[in-house]
Amino acid sequence: MATDLKETPLHAEHDAQGARMVPFAGWRMPVQYEGILPEHRAVRASCGVFDISHMGQLFVEGPKAATWLERQLTNAVDALAPGQAHYTLLLHPNGGVIDDLILYRLAGERFLLLVNAAKLEEDTACLRDRLDAGVHLDNRSADYAGLAVQGPRAADVAAQLWPEHSALPDRNHVRILATPQGEAFLCRTGYTGEDGFELFVPNAMATDLWKTILAADVTPCGLGARDTLRLEMGYPLNGADLSPEHSPLEAGLGFFVSLAKPVDFVGKGALIVQREAGLPSRLTGLIMPDKGPPLRHGYAIMKGDEKLAELTSGCLSPSLGHGIGMAYLPSGHTKPGLDLEVDIRGRRFPVTTVKKPFYHPKKS
Amino acid sequence: MSIPQHLKFLESHEWIATGHDPAAVGISDHAQSEMGEIVFVELPEIGREVEAGEAFAVVESVKAASDIYAPVAGQIVEANEALGNEPGLINEDPYEKGWLVKIKPAAEPAWDQLLSPEDYEKGLG
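Heads up: the protein sequence lines correspond to chains X and B, in order. Just so we're aligned: 295 in our numbering is position 295 of the first sequence, and the numbers increase by one with no gaps anywhere. Just so we're aligned: 388 in our numbering is position 24 of the second sequence, and the numbers increase by one with no gaps anywhere.
Just chain B, with the same shape it has in the complex:
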C-alpha cells in the first residue's frame, strides 16, 4: 500500500495528517499488518489534552494490546466512532476510514521533527 504523501509518522507507527486543523491521527499500514486482526479500540474522551508522545489510545488485536502515542500536543476533538462496531476498518483502510482521532494541535506542530513517508518506510528496514 502506498503511503499518502500528506502524512507524517512517528517511529512507533502513528501517522498524522498535515494541512488540516484539526488533524486526523491513525496507525500505519505496516503497524496494522504486524498486529493482525484488530478486534477492539479504546479511544480517548473528547476534550482530553495530550502531550506529544503521550499514550492516548489502545488498539487491540487478537494477540496483543498496543498503546498509541500522540504525534503532537493538543486536544482530542473527535474520535472515530465507527471503530466501536468495526475495529477492522483499521486493517482494511488504515489511512482513511481507519483513522483514530482528530487532534487540534496546541501550537503549530514542528512538522520537520516527524518522519516523512519515505523516512518512515526506510526505518522499517
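The following block holds chain X by itself, in its conformation from the complex:
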C-alpha cells in the first residue's frame, strides 16, 4: 500500500483487530472488521463505533465570525444558538457544491466546521481566499481524532461509560468538554440515521477512548458499513452524490439552503435563478426490487433507449435486502413510482423511483 497515506491515531488498533485497510481520501482507513453486513446490522440494531479521524476540523472565530460565515454557507447561521449544530453547504458562485459539512456553534463568535476529508484542502483554500478582517480560520484537523458512536443503544452506552456526566446533549447539539489534553467536543450528530454521538478529541485521547467504547460491547465498524448506512437514509456523499455540476436544490437539500436569509451567501444568486427557471434535475431515489446484481455508482438509468442519468451511488441495502441507488434524473422523471431500467454490464433490470429515505430507523 502506498506509504504516503495518512494514518489516524487509531491505526494500530485497526491493525490489531484485523481490519481490512484501504486508501480513502488520502488516508489509510478501515473498510471493514468482521464484515460490512454484520457491522451494518450492529448499528441498526444495537451500537457501532467508527473511526472518523480523517474528517477535517476548521475553527472560525473572531468578532465578525458569524456574519462572515453567513456569507459563506447556505444555512442560516443566525438560527443557531451557542451549543447548536446544523447541516450546511459551501458553494461555488455558480451554485455548484464544494462541500457539505456540519457547522457547530461553540460560542457566540466561535464555530467548528466538520468537513469531508477529501475536501479539507479545497475548503480551507476557498475559505482563506474569502477571509475578512475580524475573522480567524484555523485548520486543526491534524490535532483531532474523531469517533462516531451510532445505534439505538448509543445513549445507554454513554450513560454506562460516563455515569458522572449528565445525559448526552440533545439532537444536533454540541457540548465542549475540558480535558487534561485540551478541549474535546461531544456532538449529538451522525451519518447513519440512528441515534448516536460523535466525539472529537485530541489525538492523544483516541486510543483509550476507542478501547473504552469497544469494552461496552460496541461493534467496530468500517467505511463500508458507513456507506451502506448513509445510503439507506438517502444522505448524500460528496464526490459521488454532490458535485460542482449540481446545486444543493437539485440534490434535494433545499431544507438546508436559506434563500430567505437577508445575506447574500456565495452561490445564492445562481440558486435563485435556477429555482425560478425550474430545476433541470433532481437527485432521485431508485430501488431494484428484483433479485440481481447490486446497484453501483456509474450504472446508466434508462427509459427505453434513452439514457436519463447515471447512478451517483448504489448498493444492495442490507436492511431492505434489495438494491437502492440515487441518480440526478431530469425533471419530469422524478416522481415516485416511475418504472425505469438500469443497465448493468449490458443487461437491463427494472428499477422504480421512490421517495427517500429508503429505510426508516426504528424509533427508540
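Rather than coming from a laboratory, the hints here were simulated on the basis of the structure.
Derived Cβ-Cβ restraints for the label pairs, each shown as a range:
1. B:E442 with X:P23: 36 to 42 Å
2. X:E121 with B:E472: 55 to 61 Å
3. X:I176 with B:E485: 48 to 54 Å
In the SDA-like style, the derived pairs of lysine to any residue whose C-alpha atoms are separated by at most 20 Å in a straight line are:
4. B:K486 with B:P368
5. X:K268 with X:A66
6. X:K64 with X:K261
7. X:K291 with B:F404
8. X:K291 with B:G448
9. X:K291 with B:A443
10. X:K6 with X:E122
11. X:K291 with B:E406
12. X:K303 with X:T352
13. X:K6 with X:A204
14. X:K291 with B:E450
15. X:K291 with B:G452
16. X:K291 with X:P350
17. X:K291 with B:L407
18. X:K291 with B:L453
19. X:K291 with B:V422
20. X:K291 with B:P408
21. X:K291 with B:A446
22. X:K363 with X:A155
23. X:K64 with X:E109
24. B:K468 with B:P386
25. B:K486 with B:S376
26. B:K486 with B:E375
27. X:K291 with B:A429
28. X:K291 with X:L37
29. X:K362 with X:S319
30. X:K356 with X:L320
31. X:K291 with B:P451
32. X:K291 with B:S430
33. X:K64 with X:V263
34. X:K291 with B:E445
35. X:K291 with B:N449
36. X:K261 with X:E70
37. X:K291 with B:V403
38. B:K468 with B:A416
39. X:K291 with B:A428
40. X:K291 with B:E409
The beta carbon of each residue, even a glycine, is placed where N, CA and C say it ideally should be.
Chain X is fixed; fit chain B onto it per the hints.
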C-alpha cells in the same frame, strides 16, 4: 485455510482443479477474504467458449464487482447453480462448494504455466 494441492492458480486469484475433465474453476480463499461478503455472482451461459485469460464471470461483494478470468481455454459445461441463492458459499467454502463453473479444456492445458499453491501463496506476500 490450507490450499488443496490439486489446484493451480492465476495471479488474479482464480483456481482450476487438475486431474478432472471438465475442470472446476473458482476463486481463492485469499480473494474471497479480500472481497468480503459476496452477494451476487454472474455466471456465463453453458456452452460458451472462453479463451485463457478471458473474463467470463463477475463476483460481487457489498463493496465491489470483480471480473473472474478463465485459467485455461475451453468450453463452459456447467455452472454452480447453488450460488444463485447462496453466493456466500464462496466465502464459506471457496475450494469446494463455492466453485463457479466447470470448463472442458480445448486442449490439454499447459499446467506448468499456472501457479502451484506454494507459488501462488508466495505471490501474496
